[in-house]
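Colleague: Sequence order for the protein chains is A and B.
The first sequence finishes on residue 169 if you use numbering that gives the first Met the number 0, and the numbering steps up by one all the way, no holes.
The second sequence finishes on residue 592 if you use numbering that gives the first Met the number 0, and the numbering steps up by one all the way, no holes.
What the hints contain is simulated information worked out from the structure, not anything from laboratory work.
Predicted, not measured: the structure shown is a model, and the values here were computed from it.
The beta-carbon is built from N, C-alpha and C at its ideal position, and this holds for glycine as well.
One thing to keep in mind: the hints can contain errors.
[Claimed, not checked] Covered stretches of chain B, going by a simulated chain A footprint (3 or more residues, C-beta under 8 Å): (1) 115 to 129; (2) 178 to 188; (3) 303 to 312.
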Amino acid sequence: MAGDAGLRFATISVLVENEPGILARVVGLFSGRGYNIDSLTVAPVDEAARSSRINIVTSGTEMVIEQIKAQLGRLVPVYRVADLSREGPHIAREMALIKVAGTGEKRAEALRIAEAFRARVVDATTESFIFELTGGTEKLDAFLALMRPLGLAEVSRTGIAAIARGTRTI
Amino acid sequence: MTAASEQSGAEVLLRALKDQGVEVIFGYPGGAVLPIYDGLFHQNAIRHVLVRHEQGAVHAAEGYARSTGRVGVVLVTSGPGATNAVTGLVDALMDSIPIVCLTGQVPTHLIGNDAFQEADTTGITRPATKHNYLVKRPGDLARAVHEAFIVARSGRPGPVVIDLPKDIMIGKAPYSGPPENGHPSYRPRTEPDPAAIGRAVDLLKGARRPIIYTGGGVINSGEEAAALLRTLVRLTGFPCTSTLMGLGAIPASDPRFLGMLGMHGTYEANLAMHGCDVMLAIGARFDDRVTGRLDAFSPGSRKIHADIDPSSVNKNVPVEVPILGDAGRVLARLIEAYEADPRSPDRAALAEWWREIDGWRARESLSFAQDLAPGAVIKPQHAIRRLFEATRGVGKDVFVTTEVGQHQMWAAQHFGFEEPRHWMTSGGLGTMGYGLPAAIGVQVAHPDGLVIDIAGEASILMNIQEMSTVAQYRLPVKVFILNNQYMGMVRQWQELLHGGRYAESYMAALPDFVKLAESFHATGLRAESVEQLDEVIRAMLATEGPVIADIAVDPKENCFPMIPSGAAHNDMILSAATEDRAAGITDPGLVLV
Numbered sequence: 000m001a002g003d004a005g006l007r008f009a010t011i012s013v014l015v016e017n018e019p020g021i022l023a024r025v026v027g028l029f030s031g032r033g034y035n036i037d038s039l040t041v042a043p044v045d046e047a048a049r050s051s052r053i054n055i056v057t058s059g060t061e062m063v064i065e066q067i068k069a070q071l072g073r074l075v076p077v078y079r080v081a082d083l084s085r086e087g088p089h090i091a092r093e094m095a096l097i098k099v100a101g102t103g104e105k106r107a108e109a110l111r112i113a114e115a116f117r118a119r120v121v122d123a124t125t126e127s128f129i130f131e132l133t134g135g136t137e138k139l140d141a142f143l144a145l146m147r148p149l150g151l152a153e154v155s156r157t158g159i160a161a162i163a164r165g166t167r168t169i
Numbered sequence: 000m001t002a003a004s005e006q007s008g009a010e011v012l013l014r015a016l017k018d019q020g021v022e023v024i025f026g027y028p029g030g031a032v033l034p035i036y037d038g039l040f041h042q043n044a045i046r047h048v049l050v051r052h053e054q055g056a057v058h059a060a061e062g063y064a065r066s067t068g069r070v071g072v073v074l075v076t077s078g079p080g081a082t083n084a085v086t087g088l089v090d091a092l093m094d095s096i097p098i099v100c101l102t103g104q105v106p107t108h109l110i111g112n113d114a115f116q117e118a119d120t121t122g123i124t125r126p127a128t129k130h131n132y133l134v135k136r137p138g139d140l141a142r143a144v145h146e147a148f149i150v151a152r153s154g155r156p157g158p159v160v161i162d163l164p165k166d167i168m169i170g171k172a173p174y175s176g177p178p179e180n181g182h183p184s185y186r187p188r189t190e191p192d193p194a195a196i197g198r199a200v201d202l203l204k205g206a207r208r209p210i211i212y213t214g215g216g217v218i219n220s221g222e223e224a225a226a227l228l229r230t231l232v233r234l235t236g237f238p239c240t241s242t243l244m245g246l247g248a249i250p251a252s253d254p255r256f257l258g259m260l261g262m263h264g265t266y267e268a269n270l271a272m273h274g275c276d277v278m279l280a281i282g283a284r285f286d287d288r289v290t291g292r293l294d295a296f297s298p299g300s301r302k303i304h305a306d307i308d309p310s311s312v313n314k315n316v317p318v319e320v321p322i323l324g325d326a327g328r329v330l331a332r333l334i335e336a337y338e339a340d341p342r343s344p345d346r347a348a349l350a351e352w353w354r355e356i357d358g359w360r361a362r363e364s365l366s367f368a369q370d371l372a373p374g375a376v377i378k379p380q381h382a383i384r385r386l387f388e389a390t391r392g393v394g395k396d397v398f399v400t401t402e403v404g405q406h407q408m409w410a411a412q413h414f415g416f417e418e419p420r421h422w423m424t425s426g427g428l429g430t431m432g433y434g435l436p437a438a439i440g441v442q443v444a445h446p447d448g449l450v451i452d453i454a455g456e457a458s459i460l461m462n463i464q465e466m467s468t469v470a471q472y473r474l475p476v477k478v479f480i481l482n483n484q485y486m487g488m489v490r491q492w493q494e495l496l497h498g499g500r501y502a503e504s505y506m507a508a509l510p511d512f513v514k515l516a517e518s519f520h521a522t523g524l525r526a527e528s529v530e531q532l533d534e535v536i537r538a539m540l541a542t543e544g545p546v547i548a549d550i551a552v553d554p555k556e557n558c559f560p561m562i563p564s565g566a567a568h569n570d571m572i573l574s575a576a577t578e579d580r581a582a583g584i585t586d587p588g589l590v591l592v
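Here chain B stands alone, though its shape is the one from the complex:
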């Protein structure tokens, strides 16, 4: 800790950000943060990206954080600036994304007086953040900023809010550098217990029908963890499945990868989860989209669960071997212990298990029927497949973000992710409007990357104002809209569960997306039928600047396979032909979301 001559609070704040390695801030100015903006004006080390809505700022910071592994930084004003950021904060909390969000606040002497643009930001964001701070004394400022970064990026990452009263930013404050330790009571455990590793290897060596089930924790841990996961899968020969959040940790093209599991996961992934005898879960949290009906979830298996968050273990599913620690460290210790263990696994049983899995694979649960005759309607799955194939030869790093709904699930199913940190989607909170601002954050972090927001026409309108940000910074983001003229997932559930009564799910009065793109100084393209699709994709990828590609797709297409709400993994609907089984959904299933 070094004391230095006193500067203004805003200068201390910016110096602390710089010492934390911050290069870019996503924000929106307002009265309470004017001293900070004035500070930004006087320096060149930190770049500011002006969004058009504070929710967009947080999602952009999430895209930046998820594609780089660094902390994303947000700056918003008091009152509505802070409340507009709340959705993004909860999104980051649910998906464990490291964010530091700086919020302006009215001066300390006005706090509690219902002053103009005052909101109880720490009160409102307490359940929306991993931790938050209200800096009421100049002497606490530098420490709070450094601590916030440590809290945001360590342990299970998450968003941290620092509420900054205007008088603290204007008045003098002392500076101190990054401390050795962060918050005195905050010591997350990252190194696993060797005894737990030993018990896990016992189970793995004795497994006859094993499965490895991984999640966002492997991505969050870093590239090293994904590399170790690949090593473990190669070493054991075990099948591996992933949550929505974990895609890319193991290459989609790896023959041992069974695809995504859960509500819209593959038949083979879900049946392997259901039928396994030993489950190794790493950095995944057994959420309801993954488990389906809890009392029927993987009934015959003994479970190993490695997670950095003790509250994720035994929350939904009781496990035999809990391992607390960072996914990368756990994987490293597991590999060491597995290799050092002299027992040989039951190769014959594993081969038999793979034969069973191959039988499920042969059902081709992601298949769809695309009529290729000119004039035929485009199937959304086909559009994503063609997009995926077209991006493989572009010679650029390809990043995909999504909005939320059917298009998101089809993207997860049909776009193959080979590397971690290339797939950004709102998993836990399911925030429509996530994809475009997230793509902005990704593109800012990777100026030479190809960044595509796979969107629906409903979701994209939730943060469409960010096209203005795209224009201002000349970000070559590609927005690929699967336009079915419905809130597709709502429509699908209404069809399956509510007798086809499509209450308010039809997107009447849609804009002309080509003209909309042009009004934001971007290129607009449209594909009406199947023979136009490849040309639109080619033109989109060949365009240097931002593009909105409006792809008219089959409005009635449903997303399959599907585990209906309240059903078990072995009770999937595979295709429209078997849809009538949804009629058997019970009342307890109907209340689930």
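Only chain A is shown next, with the shape it has when bound in the complex:
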């Protein structure tokens, strides 16, 4: 729950026909109707069926979230809309590439923390690291907070990919 005034976060997965303009259609729906997008990812998931999956993290009142789902569902190229945060347990992960610049004790401390978070070092110079870290949004946020005083220089995050636990499919 997002807390105040009945707001909640929702992780919504949308299976779409992979046709030109579909992403613009989804994004335009959110901007045109004043809905929030906290994160959005999109990639083809089935080349043969020409389908792509869009994962959106949004927030709103229960009535607004239901509207978002209904509005997405009536787009012509949409096969299915799943509210993963309501339809049962699900897994959500994102990946970040995090550049930390520094020398001396701060550099050593950054590497120690990265090991504790199981972040991988994918690039290193004598004055910098690039860490690759995968996990839930909260884990990434926590890691970034720790890196900030240690020379956090740049962040690139993917946004979340999400899927339901168990045998359930979209």
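Got chain A sorted already, so can you dock chain B onto it with the hints?
Modeller: Chain B in isolation, oriented as in the chain A frame:
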């Protein structure tokens, strides 16, 4: 799907249109669509009606679609042709009118180069359409056209744009016939869930103060849905009200019809909505013109909402029983289930409810005072009443279109619609300039019908160029202007809400509408005072060709009853005598439109 020998893209396009049953296209040529016009020149199956502005083409197609139930087809060129069509597309989107709009586009190799008359048509029309296509490969052309028709007319109908680059129209393309299914991911639900029908009948059978509230969805579903609505109303004996879009589904003369509801609806319709205990909404979307203040909307009722669009349900008003499906199918299932249910409704409670409603009816909220002495100024309501009465005996199918504003509301209030698909008005978008081109589309579809555009002198000037289309095709459209020399609804709101400061709402420098009619090869008539009105109406109806009748009406008349913005249904202003209550409109109400 049958493959055939390759033809030009334009020929494939026209063949697909023909296979979709298209008989008429409303359009305007230009550079990017010349190959299509050349194709039209070489065939006789599809007729083309040349409008004078692309917005007019879309409204004409809307008039055609709404009066026939078929898909209206538009053909415009790239760039300004497409952007001029946008207002019409949004109008059709808001009112759920099936339109296929073909737009020309610069050749594929120039797309994105800021070429002459290039616009990002699919980008611009994405939020203006139900769906749109840019055909970039010849092999996609036929399928896109067939799919567009399926999308436009099925589910909740709406406008679909197909953007057609010029090289695709000139080059060869394969043809394929209409497919079994349309777009692979598009499967609108039309058949309602039996469990939802059961829960609805539970509520209906237990109702003591019921109301049926219907909208454009019943019209869109087809004549069958309107017939079923009449059956349901007869079967239950429940009172019935309608939105602006739904007028005609139930006859205006039916004693169970309470008239239109909403901002300018009748006192009895709005108070019945406010006081009901069970509301059955069918094909209506609880929009702000209907509900008034949301937190005071029908506070004591349990609500059943049947709609084909899941996003219309629980959007503005939470409902107990949502039913997803086509209005006609829902009505058919409701009637079956209602008749099969052994429980008998509470007849005594219903009779008491009707007594209460009759009390509200006795207030005669649509009444007005017309001085009949020669020389007296004409009340606009009186003009519409007299027009309505004069059209009843003409022995023709009577269709009415309107522009937008006071005249539109007075037409909705005072012209009785007995049948669906005979009333064409811009409801959701409120597009001034809708009525004349819409009347053209209606008249093209119904050459023997009597088609009247009830207009205001401000709105009619927004698409007055279409008089030239009227002249070219000798369409006997009658334009009935309620001329109060103001943008009447703007003036009314300025009077009620802005201290009578009439900023820019006075229509200075109006044309002489009689001469204007004559310059477009039509007949011009004018009524200055009440004793001239009936003669002008008689002369208008007796004229075979097009007519502009300029009716000078009371410039200060306001449209009542009225729910002021931000007020509740039970807080109506009934007449000028109670206007001072508008002074109590709160700031939250003032920001509403």
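Colleague: Now, for every hint given, state plainly whether the structure supports it.
Modeller: Verification of the supplied hints:
Beta-carbon proximity to chain A at under 8 Å applies to 5 residues in the region 115 to 129 of chain B; the threshold of 3 is reached and the given coverage holds. Chain A is given as covering the region 178 to 188 of chain B, and this holds because 4 residues of the stretch bring a CB closer than 8 Å to a CB of that chain, at least three being needed. Given as covered by chain A, the region 303 to 312 of chain B passes the check, having 4 residues with a CB less than 8 Å from a CB of that chain where 3 are the minimum.
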